[in-house]
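Here are the chains, one letter per residue:
2 protein chains.
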Amino acid sequence: MKRDGFLDALSMRLGERGLLREPDDMTRYVADWAGDRLGMPLAVARPASTEEVVDTVRLCREHGVAMVPQGGHSGLVAGALPAAEGNELVISLERMNRIRAIDPINFTMTVDAGCILENVKQAAAEHECEFPLALGAQGSCQIGGNIATNAGGLNVLRYGMMRQLVLGLEVVLPDGRLWNGMTELHKDNRGYPLKQLFLGSEGTLGIVTGAVLKLSPRATQARTALLGLPSLEAVIELYGLARRDCCDLLSAFELIPRRCIELAMEATSSLSDPLEEPYPWYVLMEVTASGPLDLGAMLEHLLEQGMARELVLDGALASSEGQSAHLWQFRESMLEGQRRRGEHLRTDISIPISAIPVFVDAASHMVMEASPECEIIAYGHVGDGNLHFNILPPPTMPEADKRHHLHELETHLFEVVDGHDGSISAEHGIGRTKQSAYLERLSPVERELAEGIKALFDPEGLMNPGRILPPRD
Amino acid sequence: MKRDGFLDALSMRLGERGLLREPDDMTRYVADWAGDRLGMPLAVARPASTEEVVDTVRLCREHGVAMVPQGGHSGLVAGALPAAEGNELVISLERMNRIRAIDPINFTMTVDAGCILENVKQAAAEHECEFPLALGAQGSCQIGGNIATNAGGLNVLRYGMMRQLVLGLEVVLPDGRLWNGMTELHKDNRGYPLKQLFLGSEGTLGIVTGAVLKLSPRATQARTALLGLPSLEAVIELYGLARRDCCDLLSAFELIPRRCIELAMEATSSLSDPLEEPYPWYVLMEVTASGPLDLGAMLEHLLEQGMARELVLDGALASSEGQSAHLWQFRESMLEGQRRRGEHLRTDISIPISAIPVFVDAASHMVMEASPECEIIAYGHVGDGNLHFNILPPPTMPEADKRHHLHELETHLFEVVDGHDGSISAEHGIGRTKQSAYLERLSPVERELAEGIKALFDPEGLMNPGRILPPRD
Chain A
1 MKRDGFLDAL
11 SMRLGERGLL
21 REPDDMTRYV
31 ADWAGDRLGM
41 PLAVARPAST
51 EEVVDTVRLC
61 REHGVAMVPQ
71 GGHSGLVAGA
81 LPAAEGNELV
91 ISLERMNRIR
101 AIDPINFTMT
111 VDAGCILENV
121 KQAAAEHECE
131 FPLALGAQGS
141 CQIGGNIATN
151 AGGLNVLRYG
161 MMRQLVLGLE
171 VVLPDGRLWN
181 GMTELHKDNR
191 GYPLKQLFLG
201 SEGTLGIVTG
211 AVLKLSPRAT
221 QARTALLGLP
231 SLEAVIELYG
241 LARRDCCDLL
251 SAFELIPRRC
261 IELAMEATSS
271 LSDPLEEPYP
281 WYVLMEVTAS
291 GPLDLGAMLE
301 HLLEQGMARE
311 LVLDGALASS
321 EGQSAHLWQF
331 RESMLEGQRR
341 RGEHLRTDIS
351 IPISAIPVFV
361 DAASHMVMEA
371 SPECEIIAYG
381 HVGDGNLHFN
391 ILPPPTMPEA
401 DKRHHLHELE
411 THLFEVVDGH
421 DGSISAEHGI
431 GRTKQSAYLE
441 RLSPVERELA
451 EGIKALFDPE
461 GLMNPGRILP
471 PRD
Chain B
1 MKRDGFLDAL
11 SMRLGERGLL
21 REPDDMTRYV
31 ADWAGDRLGM
41 PLAVARPAST
51 EEVVDTVRLC
61 REHGVAMVPQ
71 GGHSGLVAGA
81 LPAAEGNELV
91 ISLERMNRIR
101 AIDPINFTMT
111 VDAGCILENV
121 KQAAAEHECE
131 FPLALGAQGS
141 CQIGGNIATN
151 AGGLNVLRYG
161 MMRQLVLGLE
171 VVLPDGRLWN
181 GMTELHKDNR
191 GYPLKQLFLG
201 SEGTLGIVTG
211 AVLKLSPRAT
221 QARTALLGLP
231 SLEAVIELYG
241 LARRDCCDLL
251 SAFELIPRRC
261 IELAMEATSS
271 LSDPLEEPYP
281 WYVLMEVTAS
291 GPLDLGAMLE
301 HLLEQGMARE
311 LVLDGALASS
321 EGQSAHLWQF
331 RESMLEGQRR
341 RGEHLRTDIS
351 IPISAIPVFV
361 DAASHMVMEA
371 SPECEIIAYG
381 HVGDGNLHFN
391 ILPPPTMPEA
401 DKRHHLHELE
411 THLFEVVDGH
421 DGSISAEHGI
431 GRTKQSAYLE
441 RLSPVERELA
451 EGIKALFDPE
461 GLMNPGRILP
471 PRD
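Line by line, the protein sequences give chains A and B. Going by full-length UniProt numbering, the first residue of the first sequence is number 1, and it counts up by one from there. Going by full-length UniProt numbering, the first residue of the second sequence is number 1, and it counts up by one from there.
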């Protein structure tokens, strides 16, 4: 057995629960939420403290072992999955799940990086605060992964991405030194913003072990509406109205095409058509507030204007938590419905909000020309210009052809994205699966600076190598 | 005359208006708003386009000339003032003041870096949008300076610092190459966040020539209140109430001590005591909204609660723009009143919000022990934990002794800041004046990474050398 000396030393340091070496024990660390997998790790380290992470990294460095920091398996770009060669040590922070402190007056919470997002949200709520990051995967994803990927989700429109929600970080650097940047300060302009480099670095510059999160006041009321609209142009116009009319209380404005409503009803039999007639586009929007404002009147005022301008044709309004949860179920079930359709192209692109209608038009034309039997499902976060423009292959297509066919469509789609000054990765990052498309679009000066940053933090190239940038020779 | 060849070549490229070489023409580029000055520049370059900036930087590099990018002279840490040795070229972007584009649907504006903040705000308002950065110096400071210093100001509580308001950047790197990061995307997770490094880099990594700014809907109504409170503890408790009760519509929550109300009345004779009785502490707060909410009722609800709990003892409410401007005049005039008192210690520190009362207590004790005749003026942005804890020397102290005495008090004050896990520079940055205090607090690993970043972007050390970090040997 190779690497036995290293693994024995690591096992001695981390104890029996701290190191998994048997293939059967490691299966749950090799695949992500969507079922993508790469290979088998050398082993899985499960350190229980920052000090154990430090010692794990030091041992890896001593023995030249590559490390893959891993969160909750919902990154979806193979950034935290071990490579096929079986030579990488997965470092899972799942045992580091302590909420270290909450300061509801300072609106901050200090946590271990392995905390599950849902638990963080609940702990905040117990102190009349809110941690506003909201993702489909919030029941399983970890704060460290949210930081490493600069996670987005449903409420970015109002609260920003993870970058805006992190005040302090504690990071074990690739050489095993600890960087203590655990400040609880809301404002701090001392020197270069090291913290910012770790947000979105996908575990390639170090392992985040702790964080100070920024909280908001807890929302005490919400109003949710599912609206039927005639066109994408109407969606965009309603968004502009809603931003103004709902002040800064608009926390979600989700675009849902008719096909997704159908997929949701297929996946969840208890769901029936939400409005009397079908509409080509739906918007699921929500306003929330922490104080005693009349949100209902505010939303009704918006909808009156929207209907007068024929932007909104019909709508269902929720005024209780149960009704709101029912409307959100369409958003959740449509993902399950999509997953049941088997292999398909998932994308995560962004464009300027004003370009959404022309982009969807151009991209749809491209697909219809290239592969008329495919089905397009374009949903997303309107206020972020973030679309998941996904493509389902024809059910009749042989399984063996699907992957290649979808890859070709992706290439063409990304060209349409380029034509609208968009991004091929709005929220999921680069990892391994987006790497070649990313590199093709990187200017020489950007590549040089990116490689310089990687080399500065990780001169030996052992920290999540080959993610974002290719491994160095 | 030294450097004649270089200056002649530069003059040829930039034209007569583009290069100032006479000492008389250069005086306005050597001092900042507070009157601090360092020395005389070699010359002042005033490029009129990004291409001219590129060529200026290339010529500097060719001739080994150090560059000092300069905005509107309100940084206050000598970060953009030329050094005493007369060997640095000031590069002012004041002629690059074009608003390149506004997209009110995407909520973005694209500008030259030399645009004055006030003009940007006005241009946004003309499109029913708002650029929310608000500073005392907004009539003179430039967007490029706001970016380089990651500017803060009055509305950070609600809208964040400049970092949160910038989507894209165009930067001329120290080697003369242009980095085009001018994206209008609200969400983009491709690779390392290069943009973030320039925000707060104080011109040491490159010269920002253009930016895409993120806009908000324009506020169509505002309510302002000036409140009298019995104690700092009451201020903090009211802040917690206000964050919840005013939802996310609270845009300012300024702490003002009694002494500042008096300074304001001294500076502006038309101001009279705003409340019937004097109070030890005042809060100037503002709520704004872009839609049809009842802000007045919201604010009254908060104040009723505040009075019932004896947090608020009295208050003046503004319900018109004129009345609101009158209340804000106290905030502005107190700065002028302070300035008239001559040399004094200005600080810009931050601490956790919950620590404000104990910090002010500890810092005041320190001053009263060390120098009982000094006067303390502690005002600031409560929601950011950002205090300007300033110290006026006794009027009887000989001028020659003041500087040394204030420097000693600053050293002791910073120790109190350290004891409360605070920052010695919340919003103004490091520049030259905060450098030694900054370096004393920098851990070896932080210093190594900061020096590595500087060396990566500026291996020859010609871009604003000696700011943030000392010049390399």
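Bear in mind the hints are in silico, worked out from the structure with no lab data behind them. It is possible that some hints are incorrect.
Here are the simulated DSBU-like pairs of lysine-lysine, each with C-alpha atoms no more than 30 Å apart in a straight line [said to hold, decoys possible]:
1) A:K121 <-> A:K214
2) B:K121 <-> A:K121
3) B:K121 <-> B:K214
4) B:K402 <-> A:K214
5) B:K214 <-> A:K214
Taking the hints in turn, this is what the structure says about them:
Distance restraint check for K121 of chain A and K214 of chain A: the Cα-Cα separation of roughly 12 Å lies within the 30 Å cut-off, and the hinted pair is therefore satisfied. For the hint linking K121 of chain B to K121 of chain A, the alpha-carbon distance of about 36 Å lies beyond 30 Å, and the restraint is violated. Restraint check for K121 of chain B and K214 of chain B: satisfied, since their Cα atoms lie roughly 12 Å apart, inside the 30 Å limit. With a CA separation close to 40 Å, the supplied pair K402 of chain B and K214 of chain A exceeds the 30 Å bound.
Proposed proximity of K214 of chain B and K214 of chain A is supported: the alpha carbons are some 21 Å apart, at most 30 Å.
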